[in-house]
Every structure is written in C-alpha cells, then in structure tokens.
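**Student:** For reference, the chains in residue letters:
Number of protein chains: 6
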Amino acid sequence: MSADPIRIQLINPNTSVPMTEKIRATGQLVAGPGVSITAVCPSKGPSSIESHTEEILAAQAVVEAIGEAERASGPSPDAHVIACFGDPGLDAARETTGAPVLGIAEAAMHAATLVGRHFSVVTTLDRTLGRAEDLVLRYGFERACVGLRATEVPVLALEEAEADAVAVITDSALAAVREDRADVIVLGCAGMTDLCQTLAEATGVPVIDGVAASVGMALGLVRMGTRTSRLREYAPPKA
Amino acid sequence: MSADPIRIQLINPNTSVPMTEKIRATGQLVAGPGVSITAVCPSKGPSSIESHTEEILAAQAVVEAIGEAERASGPSPDAHVIACFGDPGLDAARETTGAPVLGIAEAAMHAATLVGRHFSVVTTLDRTLGRAEDLVLRYGFERACVGLRATEVPVLALEEAEADAVAVITDSALAAVREDRADVIVLGCAGMTDLCQTLAEATGVPVIDGVAASVGMALGLVRMGTRTSRLREYAPPKA
Amino acid sequence: MSADPIRIQLINPNTSVPMTEKIRATGQLVAGPGVSITAVCPSKGPSSIESHTEEILAAQAVVEAIGEAERASGPSPDAHVIACFGDPGLDAARETTGAPVLGIAEAAMHAATLVGRHFSVVTTLDRTLGRAEDLVLRYGFERACVGLRATEVPVLALEEAEADAVAVITDSALAAVREDRADVIVLGCAGMTDLCQTLAEATGVPVIDGVAASVGMALGLVRMGTRTSRLREYAPPKA
Amino acid sequence: MSADPIRIQLINPNTSVPMTEKIRATGQLVAGPGVSITAVCPSKGPSSIESHTEEILAAQAVVEAIGEAERASGPSPDAHVIACFGDPGLDAARETTGAPVLGIAEAAMHAATLVGRHFSVVTTLDRTLGRAEDLVLRYGFERACVGLRATEVPVLALEEAEADAVAVITDSALAAVREDRADVIVLGCAGMTDLCQTLAEATGVPVIDGVAASVGMALGLVRMGTRTSRLREYAPPKA
Amino acid sequence: MSADPIRIQLINPNTSVPMTEKIRATGQLVAGPGVSITAVCPSKGPSSIESHTEEILAAQAVVEAIGEAERASGPSPDAHVIACFGDPGLDAARETTGAPVLGIAEAAMHAATLVGRHFSVVTTLDRTLGRAEDLVLRYGFERACVGLRATEVPVLALEEAEADAVAVITDSALAAVREDRADVIVLGCAGMTDLCQTLAEATGVPVIDGVAASVGMALGLVRMGTRTSRLREYAPPKA
Amino acid sequence: MSADPIRIQLINPNTSVPMTEKIRATGQLVAGPGVSITAVCPSKGPSSIESHTEEILAAQAVVEAIGEAERASGPSPDAHVIACFGDPGLDAARETTGAPVLGIAEAAMHAATLVGRHFSVVTTLDRTLGRAEDLVLRYGFERACVGLRATEVPVLALEEAEADAVAVITDSALAAVREDRADVIVLGCAGMTDLCQTLAEATGVPVIDGVAASVGMALGLVRMGTRTSRLREYAPPKA
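Chains as they are written, first to last, in the numbering used here: chain A, 1 to 239; chain B, 1 to 239; chain C, 1 to 239; chain D, 1 to 239; chain E, 1 to 239; chain F, 1 to 239.
Because the hints were derived from the structure by calculation, they are not lab data. Every value quoted in this text rests on a predicted model; they were computed, and no experiment measured them. Here a beta-carbon is modelled for each residue, glycine too, at the ideal position from N, C-alpha and C. Watch out, some of these pointers could steer you wrong.
To be verified - Sample of chain A residues lacking proximity to chain F, with all beta carbon distances greater than 12 Å (derived): (1) 74; (2) 164; (3) 170; (4) 202; (5) 225.
Unchecked claim - Where chain F lies over chain A, by a calculated footprint (3+ residues, C-beta under 8 Å): (6) 55 to 64; (7) 84 to 93; (8) 129 to 140.
Said to hold, decoys possible - Some chain A residues judged to face chain F by a derived CB distance under 10 Å, without partners named: (9) 126; (10) 150; (11) 232; (12) 235; (13) 236; (14) 237.
Excised from the complex, chain A in its bound form:
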C-alpha cells in the first residue's frame, strides 16, 4: 500500500481558489497515512453556490471534474467528494463513475447521527434552507435533524473568517443546542471547515464538518473495496 496511495479528489464546485485550498487542507489533515488528497475547482462559474440556479451550474461542474479526472493520464481517484453543502450533482456523479462519491451534507449528517441523537444544521443564507430540507429527507434524517438555522453570513464572507461572522455562527450553534435541543451541530457550508474546532469548544458538543466527515467515509469505502452500484439507476448514462 506504500507505493500506491489511495487517491481522493475533493471537488469544490465554486471558483474560489482559497476555499478550495482550505478544503484540501482539512482533507489532508484527516486522511491519515497512505492517502493522497487533491482538491479542484472550476475556472469559471459562480463564486459561491447560494441558489437553486447556481446549484445547477455546480452540478455541471461536479460532473465535469469527475470526467476530467477519469480521463486524465495516471491513476484515477479512488473516490470523490462534492465539497458543497447542497451536494450538487450527487446522483449524476454516481452515474459518471463507479468510484464512491460522497456529498459533504450527506457525510456530515450521517456522521452526526453516529455521535448523538439530534443535530441542527448551521448554515449561510436562509434561501438555501429548502435545499437542506430536501437533503435531510432524501437521506432519512427527518427525525434526527431538529433544526436548520441560517446565519445570513454569505459563503464568501466565510473566507475572510471575520470575527463577526464567527460570532454570529457561534450564537446560532449555541441557540441550536439550547432551543432545538440539538446535541450535535452540523456545519452547513464547506467554507466553514476551519471553524469546526472553535465551535466545538464554544458549544461543548460535537461539531461536524462535512469535508472531514466525507474523507473518512470515502476512505472506509475504498478500503472495503466497495464501489457504487451500477445496477439500474446509477448505470452509466447514454453518451
């Protein structure tokens, strides 16, 4: 296993290079030995994914990033992570490749239920909560998820890690623990990945960042030799 690392590609579907680097750093941190992490983002498209319209573009970017990685010379990634909390293009990605693909919302919600009973999501804009609600239902967590909380901190404000943004997010997480009766917090944006430790200390409960969670779960699937089912729904689409 030494000469041939497990390769995990993190796909940030917005164009922010600093956010992509932040995502890569988290991935590397939790990957453990024998794992190679890469992170990519599209060269054009929206700078943040905060609407259904942008989500379509993000989905397109995700499918393209997987296709490019698979067509590139050298070994293909063993797994892919969609590093955007709406999990854009997840179903299409699972058609595109047999390698496991995880969304960070998906991974974060799964992980949250492994360390507590009730989680709340603390996220960016109110307008994204509908998509979050759809994902909660799609993944089966309508009883585990006790709150979806918008902070109205836009995605790009997170990159600056402004003190104000951190304070607002912390307040929202504390309110989730107190009012929603959450015993776990899920971070609702890839751009919050570097706030995880700070929030865990401030709230005293586990705080789950989907970037970190998805790398761990993807690695587990790769080591098990488990790939996406290609029967029926996720068979390769017609050319």
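For this one, chain A is given, so just place chains B, C, D, E and F on it according to the hints.
**Tutor:** Here is chains B, C, D, E and F on its own, set in the frame of chain A:
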C-alpha cells in the same frame, strides 16, 4: 502517528472465539496503516444472539467489555464497534464512554445508502427481523431499506461456512436484487463477514459487511477528533 | 370466575419496595372485582432506572421476574405489566411467556389517544427523553405525541412526594397544555402513579398513569382470551 | 361496586337486530362481573355500512344514540362503543359526551399491537379499504398494519354464518399470515365477532375482534376515572 | 364550446345565503370565459360548520346537493366544489357522481404547494384544527404545512367583514410568515374568500383561497375529460 | 379578456421538435378560450432526458428558456410548464420568475389524487425511477403513489407511437391496476401525452397526462392572480 496507533476494539457479544477471530481479521484487513485492531468476546453467556432475551445479555456484555477496556492499564481504545447485527447495548455504550461507538447494523446501513438507493438485509433467523425493523426505523432508513430477508441459517452454522449455508444466503441475496429491487445488499450478521466477496461476485451489486463498514467509519470519526456528545442523553450514568 | 381470579403481576424493575407498594395499590384500585394483583421488584440492582445502562439491568430483572412467576407452584399470572416507563425488556418478555405483557409507557400512550388528540409526556430526567422518543416511534404515536418534557425531578424524589416535586411536575403539565397544545397528559414514570388525580385537577385535562392504564388493558386481553402471538418474533427463545 | 354496575352501551349503527344481539353477546362475554352491557341500533337507515355515503348516516345514528342515552332517565352509560369497523362519527361522539367513546376499528388495532408486531385486517368489501387505510393512518398504525384484505363477503352475509363465508374469511386470514407476514389478525367488521375463536384456531395466531377489544379498553378507562378531554377539539359543540 | 358552457356547482353546506353568494362571486371571478358557475346551500341545517357534529350534517347536505343537481332536468354540473374548509362528505360525493368533486381545503393546500414550500392555514375556531390536521395528513402535506392557526373569529363573524375580524386574521397571517416560516398562507374558511387580496397585500406572500383554487382545478379536470375513478372505493354505493 | 389572452409557455427540455409539437397540441386542446399556448425546446442538448446527468442539462435549458421568454419583447408568459417528467430545474425556475411554474410530474401527481386514492406511474426506463421516487416524496404523495413501473420503452421510441410500445405501456398500466391496486394511472413521460385516451379506454380508470394537467393548474393560478412566493427560498438569485 507511527508510534501511537489508533486503537479500535471490536466487541463480539457472543462467546464464539472463532467468530471473534474472523471479525478481527476483517477489521485488520480494512483498517489501513497506523491502526491497531483488537477483538474481544465474553467468556460466558449465549453462544449466539438470536432472540430479544439473548440481546439483553449481549447488551450487558458490550457495556462490560467497554468498561474493562477503559479501566485496563495502557491506552484505552479510541473507538469501539459492537459486532452483532442487533447493535445490542449501543445507547448504553455511548453513555459508558466518550469514545465513538458504532454498531455494525448501523454502520452497514449507513454505508449501503452511500453506494446505492435501496438495500435489502439478508440475515439469519426470521425471529430477528423485528429487531432489524426497529433499527431501520431508528436510523432513518425506512425508505432506503426495501427488504428484510431471513435465511433460517443459524448464526453458528455460519462459522462452518457450509456450502449449503452459502448457497441459501446467495439465493436470498439474488432474490433481494430481483424482487425487492435492492441495488445493494447488507449482510445481517457479523458471522457473514467472510462471505462478502463471494456474494458481491454472485450478485453483481455492492455487498456491505457491517464489521468492515464500522471500522472505516470509526476511524474517520477518530481522525476528525469527534467523540460522542455527552450532553443530556449520553452523559455518564449515575454510578 | 368467582373462585379463580384473574392474576396480574406488576413488575417494578428497580429495588424500591415503597414504589412497588405504591404501584400495587394503583393496580388494585383499578382492577375491579375478580382480579388479583401482585407486585414484585428485584432484591438487587439499580434503585431507579434513569439511563440506558440501568435499562439493561431492568430488562434483565423483568425477564427473570416473569420466569420465576411461571416456574412457581400455583397458577401463573394471566398477564404481566412492566411498571417502568422505558418498558425495559418488553420484547424479551413477550418471548418468555404467552401471557400478555404490557409496558406502562405503551399502555399510557395508547390510552391517551383514546381520550384526546395530542398528548405530552411529563417525566423525570432529561437524559431519559431519547428512550421515550424511541418508544413513541415504536408504538406509532409520533403524530399524537406533541411534547416530551423533563422536570429533572429524579425518580426517587417522587417517593417522598415532596411539595416541590409536585409543583414542578404540575408546572410542566400546565406548560404542555398551553405550549405543546396537548389535550392529554401522560405521566412518564411509575413513581408518579399517585399524582394522577392531583394533576388532573390542576390541569383540567385527562392525565394518564400507565400503571392504571396497563392493568385495564391487560385485563381486557385476558378476558378476551388473547395471548401474545408466538409466530416468528415472539416464539420462545432457544434455552 | 355491587349495587351500581359500570354501564357500557354498544352502538350498532346499522338496522340489523340480529347483528346487534350478536354484538351484545360478545360484549357481555368479555365484560366480567359488575358490568352492564346494552346494545342498540337505529330503527331506520342502512342495513349495513359499506360505503362512504352510508358511513355518514351511520355517524348520524351514533351521535343520536349517544344523545338519547344521555337524555334518558336513569344513569347514563359510563362509556360507549361504536360497533362498526369504520368508526363512524367517532370524533363527533367525543364532542357529544365526556364519557369515553371507542370505535371497534380503533380498539382492535390498538389491541393487535399489544400482542404482536404486525397485523392484517380481514374485512368485507374491497370498497371499504380506503376508509380502513385512513383509520390506520389516523391511529398511527401504518407500520404495524401490513395488510388490508377484502373478502367480498358482504356484511349481511355474515349474519347467516354461511360455511362459504367462513371458508373465504379463513383463507384470507391464512394468506395474511403467510404473505403479509402478519402475526395477528384484526377482524374488519362487527358482524365477524362470532368468528373470532374459529379463526384463531385455524390460523394459530391471535385474532382480534374489535367489539371484545373495545369493551375491555372502555372498562379500563372507566375504572381509571378517565374521560374524554373537553379542551379545544372535543368541547361540546354549539347547540 | 360557446353554446354549451362548462358547469361548475359550488356547494356551501351551511345555510348562509350571503356566504353562498360571496362564494359564487369568487367562483365567477376566476372561472374565465365559457364557464357557468352556480352556488347552492341547504335550506335547513347548521348556519356554520364548526364542529365534528356539524360536519356530519354538512356531509349529508353535500351528498344531497349533488344528487339533486344530477336528478334535475337539464345538463348536470361537470364538476362540484365543496365550499367548506373541512371538505365534508368528499369521499361520499366521489361515490355519488363520476363528475370531479373537489374540497376547498384540498384545492387550497394543493395550490399552495405549487407556489411556495411551506404554508400555514389561518382559520376560524381552535376546535376545528383537529379536522384540518386530519386533512393535511390525508392529502400528504404534513411536511408542506408548517402551521395551523386559529383566530377564534367564528365563521359567521366573517360575513360582516368586521374590521376587527380582518385585523385579527391579518395578525395571524403575519405571525405565520414570521414564526412558522410559511411562505404561503392558506385561508381556512370559505367565508374568508373576500379577504384574499387584502391579506396578500398585508403579508407580501401568496394567499390561497380554496374557493378560487378549486374552481381552477375543477375546470382543468373537466377540460382534460378526467372524471373520478369508479373502480373499487368510489364505485356507486348500493341504493 | 378577449384582446389579451393568458399566455402559457410549455418548455420541452430535450431537442425533439416533434415531441415539442405534440406537447403544444395537448396544451392547446385543454386550454379553453382566451388562452395562448406556446411550446419551445432547446436547439442543442440531449435528445431525451433519461439520466441524472441529462437532467442537469435539462434544468439548465429550462432556466434559459424562462429567461429568454422574459427578456423577449412583447408580453411575457403568465405561466410556464416544464414538460419533462423529472421536473428538471423546477426550484431554479421558481427563482427565475414570479410567474407560476409547474412541472408535469408535479401536476400529474396532484391531479391524480383529486380523482382517486392510489396512483401508479407508468414510465420509460427503469433507471429513471429513482428520480420519480424523489419527486413523489418531495410532493407528499408517498402514500398515494402505490407503484412506479418502468416499461423500458425509451423516450424517443414514443415519438414513433409504435404499436409495440403502446402494447407494452398498456400492459404495464393494466398490471398497475391489478397488482398495485392503483385506481388512477399517471403517465411518466411528456412523450406519452397522445396515449392518454387510448390507455384510459384500455384500463377503465382515469389516466393522467401531466402536460394536460399542468396547463389546467397553471391557468387556474393565473386566473387567481397567484404568483410564486418570492420570500426567502424563491427570491431572485444574485446575478
């Protein structure tokens, strides 16, 4: 990370030493570098867990195994796995230690939903299906799980890996794919851990063994530094 | 029917003899003519059941109490009641005997839905609410149950029937009526059995004590000649 | 309690006097000492309730029967039972009187879940299954109920207890056990009340007749002193 | 289509002639060219439908109004609307005629989900909320409906369009937007039909009146040539 | 209303011009007087939408078609219909314009529940059933929908209206009525719009084509003056 491996303890709550060894072998296989796997079982109690009554004894054995490991000299396990498909004692285990604890039914069901839309569980005795149904609901997979299938192969017959048992289990998995429209199979017993590869080949769909799945997920949580929430429900119980 | 009364055994799975006597008194009060009520508790084990860990011990005590009663000389009980709001060991008890077995949480929740649309549970410690939530779902009352309220009054404080405890519980019940919009209150602990009348007067809505409710339902089943199904799940376990 | 029996009124909302007598007989059989059972039916209206249109007339008959009994000289009934499987007029009845009112579908479904995990309903005409489905959902038993089976035996054919009708019903119950995996059978018509024992013997699983079940549950509520909540929904309607 | 208009009959099941006229006016307003709207009400019965007991009488009135219209000389209505928010007699009406029948609660809830994610119902008396809850569940909108709000303004007070009543209803709608997070409001009474525009202006979100919504949906079904399924449940009842 | 018709734009997101014309024809047929129907399709992109990957392209095409229509000179459409059964881009479309937007899966499922209790969807390829399942859940019809049936007839084969294709689709619809117990059939592809009448005759139950259904519902919303809520989720996205 070289000198201080991540320690994962697998707890088989029945008294079968060969099954315990089989479980340990699977754990070691998927653990990757820098991880130390141990597997334990109680010295007395039921030789297999196939009823609600035996499940109570299994739950007791799980809590005791965690307590013993934590009180032992040397470093405590970083995570625990309950290697019995009924996930006996899972809630109590999460009270007993802050280290992550996963059940293999839980881990297998979560993993199954990451690589397909619909899974069926192929398990041992019909009488255990009620417990499986409770777990499906507890974990939120009532839409993802499309079948619970008993083979009437008892747990201990699995240790002998009789050709007959394998044929019956294979037939059940094939029927799940065809009749339940499952695109993923979940193995419903820790004692089936060594059949995973055989069944995947026979069915052409991903086959998830909870022992393997739980090690990967536990590792991920440990590397994230995430521990069980001790707020409210999973706080340490009174002495 | 005169010479041969219907026998109902109430099982308090904690060691408190006064609470056991209180439970028996309630049972006797609602039993009507031609019924013999007995109440038992274990001689060792936890003095109250307020955690998942204690619940395992309680489950064990329940199964043993049923086994002892069935092995004793003289007629066996015609039905059993598990007088602890977590309904510990209920599934195992139904394997152990064909005589009907009811949990008091189960009986109380069923009864509540017969006299109103929405109930809230008023119980002891916050840490027990997870178990209550599981039971609500198991029994199908996720729409009928509109609140789970912890008072942080420990089980054993109830035995002293302190004025303070009563006031706190009354306040919680009133809040349930007002804020949860409950039109029925369910008492969340066998030790509250003697507060039922007081709370009904204070709130003006039906207040259901599971000890009383379970005796009535058990009697009904016995008079119908209905016993637990022994097909599949609740067949006797292997010895 | 000797001089003043508990009074339970069974209301058959169709005009069949023999069916009313059959219902009364079952009620008396399971009532136990100290209980007085009466059974009434309207003098005009449909001879059987097998459509939504007839259900409206049945609902009207139920409300009138309760009103008449409450206005009559002498003590009012302590509880009422709606002896028709559609539970017609149940909500209106709970507005009309504070005495507990139970429907036989309601009581049968509740009882079924106390002695097994999964029940199927075996009933008369296919066209009534929609109403049964609504009731299953209203009472919270959508997971417990695994089958709704019509025999196409009309209600009035049951009064003749024709061998053919019994054979068809028995076959349906056996199919429910085998194909739906029911471990309990619920009889879907008051007119089947006298088939309960025969079917239990034929199937080997508990068979629940709602007439019997409702009497037991009603008695329990009366002995507890529990009446319908008059807060909000079930307050008396305007005159 | 010019000589033979589409005929839609609106049935107000209470005896208020002014309310019936108000309902007809709304129907006419939204019907478009080529459509003939009639509105009827019973000559005796309750003056408003605000309890389960009155709902039975309303159901009876609905079935009779459809029967009368179908037996009258001249062309029968092409569709019927039940203009009372409890949708009384809807299932029976679908047995009575093959022409489409819609309830205004049904139509309003459906329409609400077409223009937003979450709706709250603003209605009259608290005691009617149970029925509304049943309808939400029956129609499948338990996730879309985020609030049921009673104003305690009785139905008949609406006819006077008192300023006070309008203010209370407006406050309730505003609270629904703010506290329930509704993005659409559903009016919970046919008598509110003339407040729709006022409330839409006051709240800034779509406000759905079921009278208007049902006319549009009924027209659509008629133009498609779609009638109620007469297979099984909605076949004509026995005479 | 004579000089200024209501304008409804049907958007076929695949490139098939004949299918677009077929869709327009259906729309015109059910629109009634005073309504102008247009139908558009993209000039490039997939010729049919039969995978998640193609659905992303379809979503993009839908958003673009709405934007073009709104930017064009002359009056904008009063409502839009997405004429593809996956309802691609529906949420994004609701951000793009305040005019009502309906998907044909959405409209068909809503309409089906207005004329029966249980519907089955008869559609093209098995691989599209996952998306259909997601939509059923999103719209709240998980109890109303009793079957999702793939015929393996590809979308483009429908344009040829081959006898074979019609026979296979008819058989599937008949099986849905018989085996799923559907009393209504929903056509699962815009390309089936011309089979509606044939299938209704063959099955004897209502058959719902979403193109027709959506035009009726859209018209109703327009005549009510109801537009999409622009509060929160469906506010215009950032440029």
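**Student:** Give a verdict on every hint.
**Tutor:** Going down the list of hints, with the structure as the test:
no. : hint       : result
1   : 74         : holds (24 Å)
2   : 164        : holds (20 Å)
3   : 170        : holds (23 Å)
4   : 202        : holds (27 Å)
5   : 225        : holds (24 Å)
6   : 55 to 64   : holds (count 6)
7   : 84 to 93   : holds (count 3)
8   : 129 to 140 : holds (count 6)
9   : 126        : holds (5 Å)
10  : 150        : holds (9 Å)
11  : 232        : holds (5 Å)
12  : 235        : holds (6 Å)
13  : 236        : holds (9 Å)
14  : 237        : holds (3 Å)
Figure legend: structure checked against the earlier numbered hints; every hint is met.
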